[in-house]
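Q: Let the hints inform the model, and build the full structure from the sequences given.
Line by line, the protein sequences are chains X and D.
Take 617 as the starting number for the first sequence in this note's numbering and just add one per residue.
Take 617 as the starting number for the second sequence in this note's numbering and just add one per residue.
Think of the hints as simulated: they come from the structure by calculation, not from any bench.
Accuracy of the hints is not assured; some may be wrong.
The list makes no distinction among identical chains, and a pair is therefore deemed to hold if it is satisfied within one copy or across any two copies.
Said to hold, decoys possible - Calculated pairs, SDA-like style, for lysine to any residue (alpha carbon to alpha carbon, straight line, at most 25 Å): (1) 766 - 660; (2) 705 - 727; (3) 765 - 793; (4) 644 - 630; (5) 724 - 756; (6) 766 - 754; (7) 650 - 757; (8) 766 - 651; (9) 669 - 640.
There are 2 protein chains.
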Amino acid sequence: MYVELANEFGNYVELTETELTTILSKFKPITVVKNEVLLAKGSVSRYLYFVQKGCLRSFYLQDNGQEATRLIAFEQTFCSALSSFITQKPTNEYLQALEDSHLLMIHKSDFDALLAEICSFERFYRQRLENAQVVNTWRLESLLSMTAKKRYEHLLQYEPRIIQRLPNKIVASYLGITQESLSRLKAGK
Amino acid sequence: MYVELANEFGNYVELTETELTTILSKFKPITVVKNEVLLAKGSVSRYLYFVQKGCLRSFYLQDNGQEATRLIAFEQTFCSALSSFITQKPTNEYLQALEDSHLLMIHKSDFDALLAEICSFERFYRQRLENAQVVNTWRLESLLSMTAKKRYEHLLQYEPRIIQRLPNKIVASYLGITQESLSRLKAGK
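A: Set out below in structure tokens:
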């Protein structure tokens, strides 16, 4: 039951069988279709999702109607409007499935209870937060200090799945460039 | 001894007197002067700093010689090239004092030992990582989806100290705009 999720925990921390069973029992399966919005701006993020199959993204809708993608989560990754999940304040983000997806979701109250009860669960979460810090810093660095061309090359080197698997519209909104610029970069111009 | 640091822990988690004494004993005081660089690109970040007095920033040096400021840390805040501190791989950032500063620093090996030994220390660190996640997401949102004017107004609302206390050059490099644009925004044009 929930083999991928159990493996994800097992890869990082040691858990007793009772602890693992307790943790897994708090997750519930959910199926979403391509383009389905799981969370809209103004709502509070009450769930953390684990992607078993498919792909989620978080994005902002700008005043001019343009979308700006903050995060893309493929299989074997957790995803949420995490700031809102942490603070329980309304989010500015949208959370959307980019493909038909199978997810496992846990409610904030269950999540907090596990943090208080199981030290290794807190350790696991701490390590995932460290990973998020590394990813966010990399994103900030690329947006603050790189040209569009370098940002594209960087992405191709470190997370090629985004470019290979997703439509140009999403990739461009992730890189903060127009689709025309992306087409030129893809053509090596 | 280290009253501000002890308060910082006390504000977030419960520690026994022995635990607190153990934690504080791993920090060492250091004084740095304005503009001093504590860590340069290509080095591994071995220390986490707590700002008792003064101000630190982390920044990237772009190919064209321009600086891009990622993070500014005032009093009662921890600061490091955190990705490198986490991964122990070389950083792309510079860490610099923006004012004469009094810091307390802890070595990565002592930090890791405390994480393994004291569950409440891990909880504290987890909560600081959550806070970093909120700040980073806010930074990403502002860079990805806001105009320069809106970024400036946002900063004025949520972290006015940056604008009030630091020179225009630093503020502009934090907002990702030119000093001329910043002057216009400050003049309300």
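Q: Of the numbered hints stated earlier in the document, which are not met by this structure?
A: 8
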